[in-house]
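Peer 1: Listed below, chain by chain, are the residues.
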Amino acid sequence: MSKQQASLLVQGYEVVIGFETHAQLATQSKIFSRAPTAFGAEPNTQACAVDLALPGTLPVMNREAVACAIRFGLSVGSLVAEHSVFARKNYFYPDLPKGYQISQFEIPVVQGGEVSFFLGDEKKTVRLVRAHLEEDAGKSLHETFHGMSGIDLNRAGTPLLEIVTEPDIRSSAEAVAYAKELHKIVTWIGICDGNMQEGSFRCDANVSVRKPGQPLGTRREIKNLNSFKFMQQAIDYEVRWQIEQIEDGHAIQQATVLFDPDTGETRAMRTKEDAADYRYFPDPDLPPLVIARSWVDEVKAAMPELPRAMAERFVRDYALPEYDATTLTQSPAMAAYFETAAKASGQAKMASNWIMGEVSRRLNNEEKDIAQVPVSADTLAALLKRIADGTISNNAAKQVMDAVWVTADIVDENDTLSATAMVIQDVDAVIEAKGLRQMNDSGALEKIIDEVMAANAPMVEQFRAGKDKAFNALVGLVMKASKGKANPQQANDLLKQKLG
Amino acid sequence: MSRKQIHEMGVAELAVTIADKQTSSVEAVQALLARAKQHADLGAYLAFNEDLTLAQARAADARIAAGERGPLLGVPLAHKDIFVTQGFPTTAGSKMLEGYRSPFDATVVSRLAAAGAVTLGKLNCDEFAMGGSNENSAYGVARNPWDTGRVPGGSSGGSAVAVAARLAPAVTGTDTGGSIRQPASFCNVTGIKPTYGRCSRYGMVAFASSLDQAGPMARSAADCATLLSAMAGPDIDRDSTSLDHPAEDYSRLLGAPREGATAALPLKGLRIGLPREFFGEGCAPDVLAAVRAALAEYEKLGATLVDISLPRTQLSIPVYYIIAPAEASSNLSRFDGVKFGHRAAQYDDLIDMYKKSRSEGFGPEVQRRIMIGTYVLSHGYYDAYYLKAQQIRRLIAQDFQNAFAQCDLIAGPAAPTTAWKIGEKSDDPVANYLADIFTLPASLAGLPGMSVPAGFGDGHMPVGLQLIGNYFKEAELLQTADAFQRATDWHTRAPSGF
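The listed protein sequences correspond, in order, to chains A and B.
Each residue of the first sequence is one higher than the one before, counting from 1 in the working numbering.
Each residue of the second sequence is one higher than the one before, counting from 501 in the working numbering.
Only chain A is shown next, with the shape it has when bound in the complex (with noise of 0.2 Å):
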């Protein structure tokens, strides 16, 4: 075992941790009828005929939802299926109108793959055991109905892609990293909303423990986890619950558990004893899914750059760090504004520190995406060029922001051209306006650092008398004397050659 491993151990044992995430696919319309998926309208509006299961309906696939299957699967490297079959699971439940969910069982649509990511700086990857297309269910609503229960079928028929993956994980750390990875990849293709709140992205995680080398333990699924910050929670309680029962004697026994974010406890559902047999076949109603190779040529000539392979480009071509390029690929947005920044600039790494930094600082204050952010990359790059050519200094280039952050609301985004022409007007503007020019003519400084020293003679003799303290507070004095103009380093290298 490497040191990694047994860093990872918790009390002795290893966690193992596979996933089901279920993403519901944005597509207009339900996965199986023409019904409209929007979330949030009045009960049973948003259902169908066929999604009530009226007698006589019958299931017609929506192309658009395989289309996101076929996305998923060449963005995460697998084998997009040119056959699968959808089958019925049988079961009873009042949200359940056919009395059979429609999923795919033996041949799903998507099979194998793997994700990516960094956990720290380590690499990490998660193998895919496969992908499948389903139907969603309606919601039973327990409250407000006179001892009743209301059904909803607003949901029923709503397409999900079940991503399944091996059970490769093994810290709640890293479940999380793998959760927000996938969740990444489904919203950069645009297959999913990702909205977690909504339900458009819930993970299940199977969670077991073991002593190392020794075959998997029982595990327990953790159902319906809905942030990050629960899920690490979940499998950090149930890591240590489980890891208390197996040393207090007891087995562990198959079991589906909820995690109630009050108590932060899982607590059981139902055990296997209660287990269904789901009577899976395949569903006559339906012909096998093809895919002809045309199609997914097609899908694949229409994908965007994935994040891996665009953090990866970013290291090569703009010579990042990993963890600059990895976050500046958090989304399609950034990593766009990321690079029109660098180009236009010329100055990526000024580019990536600024966006990481002052950007999202700002973006993070007035809780906005960067899809909002109210300065242009363009003007960002104007910006970065007047530091680089030394026209200001990076405090000064913050003053600047403070102005063409609130400003840049105004500009035109329609007239790129001009716009373009207006933001470096404008960046230069304020810099004149606010005069922040920096002081790069030798003579004026020269001046101002006689005029320092002479006013401060005592600090200039402690200095002379070996106090190197003082020459911070000098330079500090000169920068002050120069409102800031005065390019920092060109003051250090005068004033050590006049107090030399």
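In case anyone wonders, no lab produced these hints; they're calculated from the structure.
Certain hints may be false.
What the hints assert, rightly or not - Derived Cβ-Cβ restraints for the label pairs, each shown as a range:
#1 B/Arg868 to A/Leu141: 34 to 40 Å
#2 B/Ala884 to A/Gln214: 32 to 38 Å
#3 B/Asp744 to A/Asp193: 29 to 35 Å
#4 B/Asp848 to A/Arg127: 44 to 50 Å
Note that CB positions come from ideal geometry on N, CA and C, so glycine has one too.
With chain A's structure known, arrange chain B on it following the hints.
Peer 2: Coordinates of chain B only, in the frame set by chain A:
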């Protein structure tokens, strides 16, 4: 005026009579509705909506007045109660759907309506189309007009009775394992089950999805062709198993001799395969005698008879009675008392509601098949039953392809006996299942099959000759049956008193 009465006319004759304004669609439906009510004791109809029927007839008359003509324009028809209809209740012969109203029409229903056909009402059938005698209907038996003490066959029993007793010139039926062909045989009616996927299943209350297929039942092959031309055609936006195969005029070959044949020998060159397995001891002698006599007639028309084998005929019974109940057990899960259909008045909790609602709503045969189907799909049994059955099903289909290398179409009895007495087999489900032996193979293979009146057996009960064609050979089947009907008059015989 010695004009034929409305009820004596078939589809073609009635369409022309209405088009020529010798009568109106309104007059025709009034006469047939009155006649249907007069013969209510036959149990053919389950529902009428006279206002709607008359409104449809008036609309058809208006189209005719505007100069439109069509082979079904203004012609009254009736639908098996398996098809959902907006204007009539749809029960599928089950208490489970008592009073159920569909918000849409089945594709078959709307296509016939678009062709100008008028709906007289809904026809009795075995509950959820499960049965071969119409005794499994929750709304009472239907009686065979050739002997009202006998069953009309099933599950499209009410459909066969309506045509045989001249309560409608033609009707729709559905056939899962013989439900058009066997009652047609029992009632001296012509009926065709097309290739699986020809008619949309949208709006057919599902029994066994991979087998269910709609088809017409009428007094002649020619009338069947007219109805089928309107009923069939792709419906891929609503039924994924609908064949994306262009609509056809199934009447196109009628009356013309086969290619290379003559008017005197219109079936010259036609090789009719006779499966040995259909002519053995499993078939009643009176049925065999009538079938052989009919086949002799086909020879006179120029056809040659070829000995063939469908070696897995016997296996079609266990295979069918695994696959059909398996699919049914799942298809009928939606009837849970939650959204529509019967819900028990009193129950303790959710599970109790399911149990009581389904026990009260489903009849014994439906419950039996749900249990068989649930069993064969269960964990640990699936491979031994369902999977094995699917494998044999493919072999049965292959047997037909082997046979079609030697012949153009296949003929034999549609059923091993003529209609039995009401109650005679109702305590013996297996005896009922065995009676399906000659219709199941074509159903499992998805092939088109029809039953053509071929004469009479003991007690003057009708016998049907089954014709089975290769995929998409409906027009050829109808051409062959039509040639026979031009040379014989079995199909024109009406039961006495009707």
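Peer 1: For each hint, tell me whether it holds in the structure or not.
Peer 2: Status of the hints after comparison with the structure:
{"no.": "1", "hint": "B/Arg868 to A/Leu141: 34 to 40 Å", "verdict": "holds, 36 Å"}
{"no.": "2", "hint": "B/Ala884 to A/Gln214: 32 to 38 Å", "verdict": "holds, 35 Å"}
{"no.": "3", "hint": "B/Asp744 to A/Asp193: 29 to 35 Å", "verdict": "holds, 34 Å"}
{"no.": "4", "hint": "B/Asp848 to A/Arg127: 44 to 50 Å", "verdict": "holds, 48 Å"}
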